[in-house]
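Going down the list, the sequences are from chains A and B.
Start counting the first sequence at 1; every next residue gets the next number (the working numbering).
Start counting the second sequence at 1; every next residue gets the next number (the working numbering).
Treat the hints with care, as some may be off.
Per the computed footprint, the stretches of chain A lying under chain B, defined by three or more beta-carbons under 8 Å from a beta-carbon of chain B, are [as the list claims (entries may be wrong)]:
1. 72-85
2. 89-102
3. 118-126
4. 165-172
By construction, these hints were calculated from the structure, which means they are not laboratory data.
Just so it is clear, CB atoms sit at the ideal spot from N, CA and C, and this is done for glycine as well.
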Amino acid sequence: MNTRVIQVGLGLLSLIGVVMAAVLYLPKTESFRGTLYDPALPAPEIELARDNGGSFRLSELRGNVVLLFFGYTSCPDVCPTTLSELRKVNEELGSAASQVKVIYVTVDPERDTPEKIQQYVSIFNPSFIGLSGSLNELAPVWQDYGVYREVDQVTASASGYLVTHSSRVYVIDQDGNLRLSYSFGTPTDDILHDLKILLK
Amino acid sequence: MLKVRFVLFFVLAAILVACAPADGQSLQVTDVWARPGLAGGNSAAYFVIENGTGSNDSLLSAASDVAGAVEMHMTTMQDGNMQMVHQQEVPVQIGKTEFKPGGLHVMLIGLNQDLNPGDTFSLTLDFATAGAMPLEVTVSEP
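Build out the structure end to end from the sequences listed, making use of the hints.
Below you can see the structure in the form of structure tokens.
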């Protein structure tokens with residue numbers, strides 16, 4: 001009886017030892033701070049005309065990390081705040097910034113031409129890509145990414161109209177998978193932290 | 001004669017002290033800045049109002065020559081969507097009222113000129129009690 005107790009005790013001790021060794025020595029996986037897509041989803045294609053007459057295809061950016069955001073040029077607060085933060089992220093990445101592309105797609109095609117939105121994002125960083133198109137071209141893109149967008153005609157404003165829209169920043173990895181998203185106001189340090197993991 | 005001058009000096013000094021706003025008992029606007037923007041486009045101005053008057057006030061309007069129209073707006077989050085709501089009036093209660101990104105802001109609609117970092121322009125805030133307050137706004141990148 002006593003021998004059996006000793007055997008069970010030794011077995012338990014061995015098991016605890018193995019678990020502790022695994023915890024201490026197995027490689028740790030760094031966790032992301034953004035909202036994770038688990039499993040990662042293939043990012044839906046975006047194909048729109050560029051301001052320079054060329055065309056843009058999201059799939060042609062494979063090998064880069066893409067930060068995707070939806071907004072509009074008449075938006076005075078949330079969109080420029082987010083673009084300023086993405087510029088800060090871009091600057092703090094240093095040389096690695098060349099592997100990160102920032103894409104800004106309009107939710108206001110009535111007022112944002114490809115030229116206008118490209119000029120707008122270039123104020124923040126000349127490497128940022130601004131995209132627009134017709135309502136028919138953009139509606140499937142908004143739908144694919146779950147972007148809520150509604151023209152607010154009710155609010156009386158000299159701005160003509162305002163557009164209520166979702167304000168998440170999406171992260172697409174080098175393999176073209178939708179990996180993460182961030183809500184408005186996420187600290188830039190959190191975005192930088194996640195990008196550094198993806199760029200390893 | 002010397003005594004008269006002495007009395008006059010104190011009377012004048014007393015008047016000056018009475019007229020000057022006592023420190024911490026006035027309404028002050030600090031940290032005034034605006035985003036860069038392109039002519040024809042929009043921008044936003046931000047600031048902090050410190051109401052040390054001891055009574056609540058209200059911001060009735062904002063005006064500037066830099067844009068075709070100037071309005072007060074509030075950004076709110078609803079179900080993850082950002083919405084801007086035009087404010088006819090903003091309560092300025094005792095203490096601090098902040099106009100900041102993602103919240104209250106003065107919307108500059110239809111800029112008459114490009115706003116580049118370092119540029120300055122004037123903005124006048126009109127308070128119900130404190131009256132008109134002219135400010136110099138500096139364009140800067142946050």
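Structure-based check of all given hints:
Judged by the Cβ-Cβ criterion of 8 Å, the stretch 72-85 of chain A is covered by chain B as claimed, because 9 of its residues qualify and three suffice. Judged by the Cβ-Cβ criterion of 8 Å, the stretch 89-102 of chain A is not covered by chain B as claimed, because only 0 of its residues qualify and three are needed. Counting residues of the stretch 118-126 of chain A whose beta carbon lies closer than 8 Å to any beta carbon of chain B gives 3, which meets the minimum of three for the stated coverage. Note: the stretch 165-172 of chain A has 4 residues with beta-carbon separation from chain B under 8 Å; the three-residue rule is met and the coverage holds.
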